[in-house]
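These protein sequences, in sequence, are chains A and B. The working numbering puts the first residue of the first sequence at 33, with every later residue one more than the last. The working numbering puts the first residue of the second sequence at 33, with every later residue one more than the last.
One thing to keep in mind: the hints can contain errors.
It does not matter which identical chain is meant; a pair holds if it fits inside one copy or across any two.
Only pairs whose alpha carbons sit at most 25 Å apart, straight line, appear in this in silico SDA-like list of lysine to any residue [as the list claims (entries may be wrong)]:
#	residue 1	residue 2
1	Lys89	Gln330
2	Lys418	Thr87
3	Lys373	Asp129
4	Lys171	Gly140
5	Lys390	Asp123
6	Lys303	Asp376
None of these hints come from the bench; they were simulated from the model. What you are looking at is a predicted structure, and each value in this text was computed from that prediction instead of being measured.
Number of protein chains: 2
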Amino acid sequence: MESNIKFIDGGVVAPQGFLAAGIHCGLRKNKDKKDLAMIFSKNGRECAAAAVYTTNKVFGAPITVTRDHLKNGKAKAVVCNSGIANTCNPDGIEKADAMCKLTADVLGIDENDVIVASTGVIGAVLPIEPIKNALPALKDALSDTKQAGEDTAVAIMTTDTRKKEYAIEFELDGKPARIGLIAKGSGMIEPNMATMLCFVTTDVDICSDILQLALYEVIQDTFNMVSVDGDTSTNDMVSIMASGLCGNKKVTEKDGDYTKFKNALYIICEKVSRAIAFDGEGATKLLECRVLNANSRQDARKLARSVIKSSLVKTMMFGADANGGRILCSLGYSGVDFDPKKIDVIFKSSAGEIQLYKNGDSIEFDEVKAKEILSQEIIEIIIDMKTGKEFATAWGCDLSYEYVRINGDYRS
Amino acid sequence: MESNIKFIDGGVVAPQGFLAAGIHCGLRKNKDKKDLAMIFSKNGRECAAAAVYTTNKVFGAPITVTRDHLKNGKAKAVVCNSGIANTCNPDGIEKADAMCKLTADVLGIDENDVIVASTGVIGAVLPIEPIKNALPALKDALSDTKQAGEDTAVAIMTTDTRKKEYAIEFELDGKPARIGLIAKGSGMIEPNMATMLCFVTTDVDICSDILQLALYEVIQDTFNMVSVDGDTSTNDMVSIMASGLCGNKKVTEKDGDYTKFKNALYIICEKVSRAIAFDGEGATKLLECRVLNANSRQDARKLARSVIKSSLVKTMMFGADANGGRILCSLGYSGVDFDPKKIDVIFKSSAGEIQLYKNGDSIEFDEVKAKEILSQEIIEIIIDMKTGKEFATAWGCDLSYEYVRINGDYRS
Numbered sequence: 033m034e035s036n037i038k039f040i041d042g043g044v045v046a047p048q049g050f051l052a053a054g055i056h057c058g059l060r061k062n063k064d065k066k067d068l069a070m071i072f073s074k075n076g077r078e079c080a081a082a083a084v085y086t087t088n089k090v091f092g093a094p095i096t097v098t099r100d101h102l103k104n105g106k107a108k109a110v111v112c113n114s115g116i117a118n119t120c121n122p123d124g125i126e127k128a129d130a131m132c133k134l135t136a137d138v139l140g141i142d143e144n145d146v147i148v149a150s151t152g153v154i155g156a157v158l159p160i161e162p163i164k165n166a167l168p169a170l171k172d173a174l175s176d177t178k179q180a181g182e183d184t185a186v187a188i189m190t191t192d193t194r195k196k197e198y199a200i201e202f203e204l205d206g207k208p209a210r211i212g213l214i215a216k217g218s219g220m221i222e223p224n225m226a227t228m229l230c231f232v233t234t235d236v237d238i239c240s241d242i243l244q245l246a247l248y249e250v251i252q253d254t255f256n257m258v259s260v261d262g263d264t265s266t267n268d269m270v271s272i273m274a275s276g277l278c279g280n281k282k283v284t285e286k287d288g289d290y291t292k293f294k295n296a297l298y299i300i301c302e303k304v305s306r307a308i309a310f311d312g313e314g315a316t317k318l319l320e321c322r323v324l325n326a327n328s329r330q331d332a333r334k335l336a337r338s339v340i341k342s343s344l345v346k347t348m349m350f351g352a353d354a355n356g357g358r359i360l361c362s363l364g365y366s367g368v369d370f371d372p373k374k375i376d377v378i379f380k381s382s383a384g385e386i387q388l389y390k391n392g393d394s395i396e397f398d399e400v401k402a403k404e405i406l407s408q409e410i411i412e413i414i415i416d417m418k419t420g421k422e423f424a425t426a427w428g429c430d431l432s433y434e435y436v437r438i439n440g441d442y443r444s
Numbered sequence: 033m034e035s036n037i038k039f040i041d042g043g044v045v046a047p048q049g050f051l052a053a054g055i056h057c058g059l060r061k062n063k064d065k066k067d068l069a070m071i072f073s074k075n076g077r078e079c080a081a082a083a084v085y086t087t088n089k090v091f092g093a094p095i096t097v098t099r100d101h102l103k104n105g106k107a108k109a110v111v112c113n114s115g116i117a118n119t120c121n122p123d124g125i126e127k128a129d130a131m132c133k134l135t136a137d138v139l140g141i142d143e144n145d146v147i148v149a150s151t152g153v154i155g156a157v158l159p160i161e162p163i164k165n166a167l168p169a170l171k172d173a174l175s176d177t178k179q180a181g182e183d184t185a186v187a188i189m190t191t192d193t194r195k196k197e198y199a200i201e202f203e204l205d206g207k208p209a210r211i212g213l214i215a216k217g218s219g220m221i222e223p224n225m226a227t228m229l230c231f232v233t234t235d236v237d238i239c240s241d242i243l244q245l246a247l248y249e250v251i252q253d254t255f256n257m258v259s260v261d262g263d264t265s266t267n268d269m270v271s272i273m274a275s276g277l278c279g280n281k282k283v284t285e286k287d288g289d290y291t292k293f294k295n296a297l298y299i300i301c302e303k304v305s306r307a308i309a310f311d312g313e314g315a316t317k318l319l320e321c322r323v324l325n326a327n328s329r330q331d332a333r334k335l336a337r338s339v340i341k342s343s344l345v346k347t348m349m350f351g352a353d354a355n356g357g358r359i360l361c362s363l364g365y366s367g368v369d370f371d372p373k374k375i376d377v378i379f380k381s382s383a384g385e386i387q388l389y390k391n392g393d394s395i396e397f398d399e400v401k402a403k404e405i406l407s408q409e410i411i412e413i414i415i416d417m418k419t420g421k422e423f424a425t426a427w428g429c430d431l432s433y434e435y436v437r438i439n440g441d442y443r444s
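Extracted from the complex, chain A is given alone in its bound form (with noise of 0.2 Å):
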């Protein structure tokens, strides 16, 4: 991390601004559980808006408004439900313009500046009354203090057991500048009930093409980098704005302000993926997969995925047996050409490291440190390929019990 970088409270408010409020609506049966959230730019400021989207074939009415709204680069506020993800409905566009439409109304601002998402099941209608007689007291909420940070993020919360915003500051053309987010996603990057959304915002003066480039170059490393079941949502979406209230002269190349902007957002982006993984539905541990001297960088994040995606090591890591072969495995039908023999295999935790594997072979170790390493929360695996001098890291999460508890009766 780079030394002028540090954490800080907020979430999506810390930035200037920004408001926001999450508060329940209805869509929910559950009276304590927050349904609905709003990031409002202060004043209907407009702020240079980029998103990345889902690449499933089949995605959600959201995505399809959002996208069209996004075509200017410009937006002002976001306004995202949890229960129905408002998806493979025959009215699912008319509900998500009607989402903008209201919500546009009540901030007194044009409906081609809102970003809309929606997430839960899939193929439910999406009742818009609900929305519709909250979008009032939602306004009214709307606030920059840490509390509305907090309930903005608990209200697009699905399966997460945990909420997740984050904030940092860092200097940029000799001022403070801010970027914070909220997130949610549980059954992962892949998910299907439990998409992947994530809402950031910055203070950053950054034009929104140089924005967009920016977060799709973050995004390769980071929340594409997470595996929770490799199924891949419809409705998963990244959205960022920037108020470019901190006052930096506005980035508008591929300058050394723009590396630094980009080294800000892929380490808040690269703190939410790690949380994401370690929230994974069922998840009992995090696992984070480094491959290290690979031939290319785009060889390096296939074999890290391969890993974190087999479901023979994550039920491995789940019962903390060693069973190093799976690892070779998972790597050899990655799609990468690669020399068996030349791959070290290391497990390593807070209770140590351990090596597997030795130039493709197995080799001999102690079983008993080996269950200790693979027993702590939070396991490293460590693929040398010996070959180049690219690496890449993944994120993901054992396959427990719970996961299968919790996706063998979503619905009810």
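Guided by the hints, dock chain B onto chain A, whose structure is given.
Only chain B this time, still in chain A's reference frame:
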């Protein structure tokens, strides 16, 4: 199924010209678990032979050795142990060579005529003494009785709960011809510990390159359409030996007899593919995903496989929870281009059928009836793409607590 094809008893010894045996040699601690299998072409008669192997970049030493031995398209025997995979060890090739040499010596044949396979834990060293000591007894046990066929089927099992052996009889060139096989696989197609192995015998007279072609073609729509956990094994292998004793005019080109033979091979391979999926680790249900009216066969296969591999689909089936959105979602990330607004989804079982999606949108359905349909042991997922004429079927199973238990502590 073609009318002239019928299932018969005997497994690998049903075709004329084959002997088989399975015994306990001591690689497994449990003396009641047979762990060494042999198939032998009577009197050392030369068979045309072919095989297909795992596509995993990391593959077992037996794969290397068998691939080398089958270069000339000829074989006389199969030897296979369960318990240890003989993969990712410094001395793997040496041990696989030794298994062939010892087998050849006891049978009085050349070691190049032996197909060798191993299944079990990766990275454990294979002790050769128990195999060496047991080979004379294994040779003495060789027989063409039904019992011998069964013993052989049992000896190659790992976490399989049911033995898999089938045989069929059909007419070729006016003669009764037979194909028999034994298979194992449980943590499937793509298993790691529980490799998929299948040894096929036939008494059809056919040249080895045409035999290889038939096997390759049939595998695309059978074994390659099975998935239990998406992990491609390091040791997967399907081999076939043809004794030529049924008396048909030798098949040497892609003519009518080739098609008859290929159809029969397809039928027996489809049968065992279904059985392997149904016996997937921890499976309580067989899932059959039929994709209809796709633009190409390749698309249909990819779509069906994507559905069958989805953890969210698998857990949903375990919980008998009719969450059709997960089907749409898994089609969407298959990598196939399609129009989501055309797709129909139907669930079908012995309790009836129910449509969940029409033209890509969810439709109302009877939840009680859906629960009943999904509570049966065999579930069909029927997906109509409505854009072309091609179809494919993939087989899989649900994801249960038991899968997690088996794989959380496989080695102990």
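Hint check:
1. Lys89 x Gln330: both (23 Å within a copy, 17 Å between copies)
2. Lys418 x Thr87: Between copies only: 22 Å across chains, 32 Å inside a chain, cut-off 25 Å.
3. Lys373 x Asp129: between (56 Å within a copy, 19 Å between copies)
4. Lys171 x Gly140: For Lys171 and Gly140, only the intra-copy Cα distance (11 Å) is at most 25 Å; the inter-copy one is 87 Å.
5. Lys390 x Asp123: between (57 Å within a copy, 14 Å between copies)
6. Lys303 x Asp376: neither (27 Å within a copy, 40 Å between copies)
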